[in-house]
Amino acid sequence: MALGLKCFRLIQPASCSYLGVLIRPVSEVALKTVSGRLPDCTQHMVYQAVPVCHFASKKAKAKGKGQSQTRVNINTALVEDIISLEEVDEEMKSVIEALKDNFNKTLNIRTSPGSLDHIAVVTADGKLALNQISQISMKSPQLILVNMASFPECTAAAIKAIRESGMNLNPEVEGTLIRVPIPKVTREHREMLVKLAKQNTNKAKDSLRRVRTDAVNKLKKSKGKTSEDTIRLIEKQISQMADDTMAELDRHLAVKTKELLG
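Here the sequence shown is numbered in full-length UniProt numbering, starting from 1 and rising by one per residue.
Be aware that one or more of the hints could be misleading.
As the list claims (entries may be wrong) - In silico lysine-lysine, DSBU-like type, Cα no more than 35 Å apart, as pairs:
| # | residue 1 | residue 2 |
| --- | --- | --- |
| 1 | Lys-100 | Lys-198 |
| 2 | Lys-205 | Lys-221 |
| 3 | Lys-105 | Lys-160 |
Calculated from the structure, these hints are not laboratory results.
All chains, full assembly: derive it from the sequences and hints.
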């Protein structure tokens with residue numbers, strides 16, 4: 001019994017010191033060793049500290065999850081011999097401009113003669129804008145007239161294009177004169193326009209994805225001449241550009257949706 005108590009007294013200081021090490025930060029533990037003098041002994045016991053893994057709590061993980069990741073900002077001039085990021089940026093911006101143009105021309109609460117101008121009509125000479133093969137005028141606030149006298153052979157194609165324009169129009173024909181009644185602004189009409197806006201935005205996102213894919217495929221062709229780290233950084237830059245453009249498309253959709261619903 002006495003021998004057991006003596007051994008316990010010898011071990012206790014070292015045990016306490018060891019437990020002290022375990023609760024220290026990893027950076028501190030890794031740089032130091034711990035020593036303790038055993039009572040009634042002339043020697044020191046020295047041992048290496050044991051690194052401790054610190055696990056994040058669920059609360060800490062949730063807090064970090066919402067934080068944005070580190071962004072890459074590559075100097076385009078330094079990688080222009082690999083890929084032109086400026087050209088990629090222009091292509092992505094053109095997707096935004098095309099969507100805005102589509103919104104302005106085809107998705108309006110009040111239909112006007114100008115909103116029919118750029119409806120694409122399939123003719124023997126290819127696709128032509130409606131205002132190139134007809135005269136468009138406003139007969140009354142509820143009626144638009146499309147005169148096809150100059151190109152009577154395109155009348156049927158023009159009617160088809162107007163019906164399929166996504167503007168909820170049901171044209172009526174009288175010889176070479178197309179009468180286009182303007183629909184009433186009902187809640188159903190507004191919701192239908194919002195649905196079309198979402199469809200057009202999804203098409204724009206598909207175009208954006210094609211731009212990103214083409215850029216990445218072009219980048220991968222330089223694998224033999226460029227380091228993998230550089231390629232990964234450029235690819236991350238392209239992905240960031242695509243994500244920013246995608247967010248911009250969603251922003252325009254939100255603005256248009258608010259406008260249409262009133």
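Which hint numbers does the structure go against, in order from smallest to largest?
-> none
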